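Build the full structure now, drawing on both the sequences and the hints.
Under the UniProt record's numbering, read the sequence shown as residues 1 to 198, first letter to last.
Since the hints were derived computationally from the structure, they do not count as laboratory data.
Model, not experiment: these values are computed from the prediction.
Yeah, the Cβ is synthetic: ideal placement off N, Cα and C, and Gly gets one too.
Label pairs and their computed distance ranges (CB to CB): (1) ARG100 - THR149: 19 to 27 Å; (2) VAL98 - GLY72: 31 to 39 Å; (3) LEU74 - ALA133: 20 to 28 Å; (4) ALA58 - ASN151: 26 to 34 Å; (5) ARG196 - SER96: 32 to 40 Å.
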Amino acid sequence: MAAAGGHFHIWGAGIPVPRFRLMCTPMLIAVVAVSSCVAEPSLVQRAPVPARPIEISAEAIAAHNRERSPVGALPISWDPSLAQAAALYAGQLAASGVLRHSPRQSRPGQGENLWMGTRGHYALSQMMGSWSAEKRYFRRGLFPSVSTTGNWADVGHYSQMIWPTTTRVGCAVASNAHADFLVCRYAPAGNIDGRRVP
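This is the structure we're talking about:
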C-alpha cells in the first residue's frame, strides 16, 4: 500500500512583487543624523529566515490534538527529529519560493503537510486552521474515499492530522522576502490507500 504524498495550501499568494534594495544616503541636519533612502530594484535574493521548529511545538501539538480527540484518535506527540527534517525542508522551500512536496524517497515512512502564505500575515493557528477546516468535507471511511466532494485532496491535510496510527509530528516555519512556509512531518505516515480513517 502506498502512502498518498502530503498536501499543501497557498494562502495570500499572488503576483510576485519586485524586490527592492534600499540605497541610503546619510545626511546631517542640526545635530540629528537622518538617512534619505531611495528604493532601487535589485536582483539580489534575500536569504530565507531560518525555520522555527522549537518555538511552535506546543501550539502545533495542541492544534493536532484538538482535531484528534473528537474522532477518538490518540494524542500525538512532538518529535524533534521530524521537526528538524521539517525545518530543513521549510528552508529549502523558502529559498526556492516554490511550494512542492519533498520526494517520498527522501522521507521514508513520513507523511507531510505543507502550507504557504503571505509573509507575516498569518499566525500558526491560522495556517493549521486551514487544514482543520477541511473537516467540513470529510467523511469516515477507507482512504481515499473520505471526502464528500469525491476528491481526497480536499481533506488530505485534515486526514493526516487525525490519522489513527500516526503518533508523532514535527513542524517548522521558514520565510523568504514574500512568503511563510509551514512544513509538518508525520510518523508513521497517514493517507494510506485502503486504510480506515476514523
